[in-house]
Amino acid sequence: MAPVFLILCLCLSLGIYPAHVSAQSTLRYHFKPGQHLVYHLKSESSASRMRTAGGTQSERTLEADVDWSVADIDMDGTATVRLLIHNQKEEVSSSNASFARYIPYSEIAVTSDGRLIYGKILVDDSSRIRTRKIMDVVPGVRLLADKDFLNNYFERLWYSVDSTNIDTLGTPVVRSYDSTVLWSAEHDTSLYGRNEIYRSAYLISYKNRGKVTYTLQDTAVNNIHYWHLLATSDGESFFTVHYKNKYHYVQNILFRKDDGLIQAMRSTIETHNGAFMTTGETSLELTKMEWN
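The sequence shown runs 1 to 292 under the numbering used here.
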């Protein structure tokens, strides 16, 4: 049997996105107007000081349901979606552990290759609401624009970017990457004389380099056939040559063959920089699909 060659959108840092097939067929995200998708998200992570620094450890577990309500599709296949994140449950064993910030309700526009091109927050979280009220009177307090903030966590929920040829027989394809990343985010902060927690935006720049190995093949789960993509990344990110964070990142993703949507994803990551070591596991699973 001759191999079928696919061109997949590849995101070296966070995931893989289907784009199109180089032969007779096409693989993209084919959302439909009125479509309602529900994914269950679960994330577990731990961070510990390595033996030379003392051994302190923190753990975090997050679960949530992610609802996609597709309102419209344009001529290019871009979907306008109302994104609802609810039933959030989070357990943190240390006050120093970082929280995942998922805005409860937003409107987004997603291209057929998984890019977020528009984002508007419809219901914000409490700390950002408090921050917005004092932004004009307290120097240095700043929030990200809606799209920039939404993009940070949308990358944990969906996938996109470049293309490469890959066959469907499981033949490994290796790609190297070396780039400078500009990353904007928000963190919790306290203000003198105020008891509440506020938010503050910041921008950092770092180098990211390494290699990623991809394999793609047909697989069956409960007698239903999917494209199974395995991506393994080994690399390092660093702010200076003296502070390097090495990582090993593995993703297993099942793509539905009829519409390219993600059926399930499981990823694991291990990082260390000589002082701290972190491990994490994330799963995303489609639990419901219906039409409004």
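Keep in mind that the hints were calculated from the coordinates and are not lab data.
The C-beta atom is built at its ideal place from N, Cα and C for all residues, glycine as well.
Mixed in with the good hints, there may be bad ones.
[As the list claims (entries may be wrong)] DMTMM-like, lysine to aspartate or glutamate: derived pairs with alpha carbons at most 20 angstroms apart:
1) Lys133 to Glu155
2) Lys211 to Asp178
3) Lys147 to Asp178
4) Lys133 to Glu186
5) Lys32 to Asp67
6) Lys42 to Asp234
7) Lys32 to Glu90
8) Lys89 to Asp65
9) Lys244 to Asp259
10) Lys120 to Glu155
11) Lys42 to Glu90
12) Lys288 to Asp67
13) Lys42 to Asp259
14) Lys244 to Glu270
15) Lys32 to Glu290
16) Lys120 to Asp146
17) Lys32 to Asp259
18) Lys133 to Asp188
19) Lys89 to Asp72
20) Lys42 to Asp65
[Claimed, not checked] DEER-style ranges, computed between Cβ atoms:
21) His248 to His187: 33 to 39 angstroms
22) Ile224 to Asp178: 20 to 26 angstroms
23) His248 to Gly77: 42 to 48 angstroms
24) Gln217 to Val138: 20 to 26 angstroms
25) Thr189 to Thr61: 32 to 38 angstroms
26) Pro104 to Ser163: 19 to 25 angstroms
27) Gly77 to Glu270: 33 to 39 angstroms
28) Gln217 to Thr189: 46 to 52 angstroms
29) Lys89 to His36: 35 to 41 angstroms
30) Tyr153 to Thr279: 16 to 22 angstroms
Here is how each hint holds up against the structure:
For the given pair, Lys133 sits about 28 angstroms from Glu155 by alpha-carbon distance, which is inconsistent with the 20 angstroms threshold. Annotation: proposed proximity of Lys211 to Asp178 holds, straight-line Cα distance about 9 angstroms (limit 20 angstroms). Restraint check for Lys147 and Asp178: not satisfied, since their Cα atoms lie roughly 26 angstroms apart, outside the 20 angstroms limit. Between Lys133 and Glu186 the alpha-carbon distance is near 16 angstroms, which keeps this suggested pair within the 20 angstroms criterion.
The hinted pair formed by Lys32 and Asp67 meets the criterion: a straight-line CA distance of about 14 angstroms does not exceed 20 angstroms. The straight-line distance between the Cα atoms of Lys42 and Asp234 is roughly 23 angstroms, outside the 20 angstroms bound, and the hint therefore fails. This hinted pair does not check out: Lys32 and Glu90 have alpha carbons roughly 32 angstroms apart, beyond 20 angstroms. Proposed proximity of Lys89 and Asp65 is supported: the alpha carbons are some 10 angstroms apart, at most 20 angstroms.
Taken as a hint, the Lys244 and Asp259 pair is broken in the structure, with Cα atoms around 40 angstroms apart against an allowance of 20 angstroms. Restraint check: the Cα-Cα separation between Lys120 and Glu155 comes to about 16 angstroms, which is no more than 20 angstroms; the hinted pair holds. Only pairs whose Cα atoms come within 20 angstroms are accepted, and Lys42 paired with Glu90 is accepted, the gap being roughly 10 angstroms. Taken as a hint, the Lys288 and Asp67 pair is honoured in the structure, with Cα atoms around 9 angstroms apart against an allowance of 20 angstroms.
A distance of roughly 24 angstroms separates the Cα atoms of Lys42 and Asp259; the hinted pair therefore is violated under the 20 angstroms criterion. The suggested pairing of Lys244 with Glu270 holds, with an alpha-carbon distance near 14 angstroms, which does not exceed 20 angstroms. The suggested pairing of Lys32 with Glu290 holds, with an alpha-carbon distance near 11 angstroms, which does not exceed 20 angstroms. About 5 angstroms separates the Cα atoms of Lys120 and Asp146, which keeps this hinted pair within 20 angstroms; it holds.
A C-alpha spacing of about 9 angstroms is found between Lys32 and Asp259, which places the hinted pair at or below 20 angstroms, so the restraint holds. For the proposed pair Lys133 and Asp188, the alpha carbon gap of about 16 angstroms is at most 20 angstroms, so the pair holds. Distance restraint check for Lys89 and Asp72: the Cα-Cα separation of roughly 30 angstroms exceeds the 20 angstroms cut-off, and the hinted pair is therefore not satisfied. Of the supplied pair hints, the one linking Lys42 and Asp65 holds, its CA atoms being roughly 9 angstroms apart against a limit of 20 angstroms.
In this structure the supplied range 33 to 39 angstroms is violated for His248 paired with His187, their Cβ-Cβ distance being about 26 angstroms. Roughly 39 angstroms separates the CB atoms of Ile224 and Asp178, a value that falls outside the hinted 20 to 26 angstroms. Checked against the hint of 42 to 48 angstroms, the C-beta distance between His248 and Gly77 comes to roughly 34 angstroms, which is inconsistent with it. The hinted range of 20 to 26 angstroms is not satisfied by Gln217 and Val138, whose Cβ atoms lie roughly 55 angstroms apart.
At about 25 angstroms, the CB distance of Thr189 to Thr61 disagrees with the hint of 32 to 38 angstroms. The hint said 19 to 25 angstroms for the Cβ distance between Pro104 and Ser163, and at roughly 34 angstroms that hint is violated. Separated by about 36 angstroms at the C-beta atoms, Gly77 and Glu270 satisfy the suggested range of 33 to 39 angstroms. Restraint check, Gln217 to Thr189: a C-beta distance of roughly 47 angstroms satisfies the suggested window 46 to 52 angstroms.
Distance hint check: the CB atoms of Lys89 and His36 are about 22 angstroms apart, inconsistent with the given range 35 to 41 angstroms. Take Tyr153 and Thr279: their Cβ atoms lie about 20 angstroms apart, and the range 16 to 22 angstroms holds.
Checked against the numbered hints listed earlier, the structure breaks hints 1, 3, 6, 7, 9, 13, 19, 21, 22, 23, 24, 25, 26 and 29; every other hint is satisfied.
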